[in-house]
Amino acid sequence: MNGVILKTSKGYTATFERQFQAPIEEVWSWLTVNEKLSQWFSELHIDQLRDGGLITFDMGNGAFEEMVITDYQKQEVLEFTWADDLVRFELTEEAYGCKLIFIEKIKTITEHTAKDLAGWHVCLDVIEALISEKMFDRNSAWEKWYIEYTNALKNCG
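Under my numbering, think of the first position of the sequence shown as 644, with each following residue one higher.
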């Protein structure tokens, strides 16, 4: 499912929804266990998994950015700072498995926003592929979604 971008009083929100045929515990582990997290977002590392805890982003040039966990409810919510924005994962148990809602709260749309949205879209698809043990071409998918979100952002606001 494409991300839905809406203008709000405080900026914008981009919301993505995915449905996984896997138990909530398994999906949660892909978000919070570093060995699994690194398979879909290799630059992220959870240092302290709790409210006020830290997630480190490896910038790839020897620099690291610390992101603060602003909301943590085990197997339900993981929210953390993302530069000037916030990202939030919400999980709910469903009859078929688990529903994941991902929300990015965006203060200002920048030239990097479409890259982030394409990246999050692809990351969610990679999680789905990992859970279902399927192959996924991350690079070609990112190119496609980058174009889609670049165009979608032109129509926002």
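Hints are computed from structural coordinates only; laboratory data are not their basis. Take the hints with a grain of salt, since some may be wrong.
[Stated by the list, open to error] Subject to a maximum C-alpha distance of 20 Å in a straight line, what follows is the list of computed EDC-like cross-link-like pairs (lysine to aspartate or glutamate):
| no. | residue 1 | residue 2 |
| --- | --- | --- |
| 1 | K653 | E722 |
| 2 | K742 | E686 |
| 3 | K653 | E771 |
| 4 | K679 | D728 |
| 5 | K717 | E737 |
| 6 | K717 | D727 |
| 7 | K742 | E771 |
| 8 | K758 | D714 |
[As the list claims (entries may be wrong)] The following label-pair restraints were derived from C-beta to C-beta distances:
| no. | residue 1 | residue 2 | range |
| --- | --- | --- | --- |
| 9 | K750 | D780 | 31 to 39 Å |
| 10 | A738 | M702 | 37 to 45 Å |
| 11 | D690 | L649 | 27 to 35 Å |
| 12 | I790 | D701 | 23 to 31 Å |
| 13 | Q682 | M702 | 26 to 34 Å |
| 14 | S685 | K653 | 40 to 48 Å |
| 15 | E719 | E678 | 19 to 27 Å |
| 16 | K653 | V711 | 28 to 36 Å |
| 17 | D694 | I744 | 18 to 26 Å |
| 18 | V647 | N677 | 23 to 31 Å |
| 19 | D780 | L692 | 27 to 35 Å |
| 20 | N798 | P666 | 33 to 41 Å |
Where is the CB? At the ideal position from N, CA and C, for every residue including glycine.
Results for each hint:
no., hint, in the structure
1, K653 <-> E722, "holds, 17 Å"
2, K742 <-> E686, "violated, 25 Å"
3, K653 <-> E771, "violated, 31 Å"
4, K679 <-> D728, "violated, 24 Å"
5, K717 <-> E737, "holds, 17 Å"
6, K717 <-> D727, "violated, 24 Å"
7, K742 <-> E771, "holds, 11 Å"
8, K758 <-> D714, "violated, 25 Å"
9, K750 <-> D780: 31 to 39 Å, "holds, 32 Å"
10, A738 <-> M702: 37 to 45 Å, "holds, 41 Å"
11, D690 <-> L649: 27 to 35 Å, "holds, 32 Å"
12, I790 <-> D701: 23 to 31 Å, "holds, 27 Å"
13, Q682 <-> M702: 26 to 34 Å, "violated, 20 Å"
14, S685 <-> K653: 40 to 48 Å, "violated, 31 Å"
15, E719 <-> E678: 19 to 27 Å, "holds, 22 Å"
16, K653 <-> V711: 28 to 36 Å, "violated, 18 Å"
17, D694 <-> I744: 18 to 26 Å, "holds, 20 Å"
18, V647 <-> N677: 23 to 31 Å, "holds, 30 Å"
19, D780 <-> L692: 27 to 35 Å, "holds, 31 Å"
20, N798 <-> P666: 33 to 41 Å, "holds, 38 Å"
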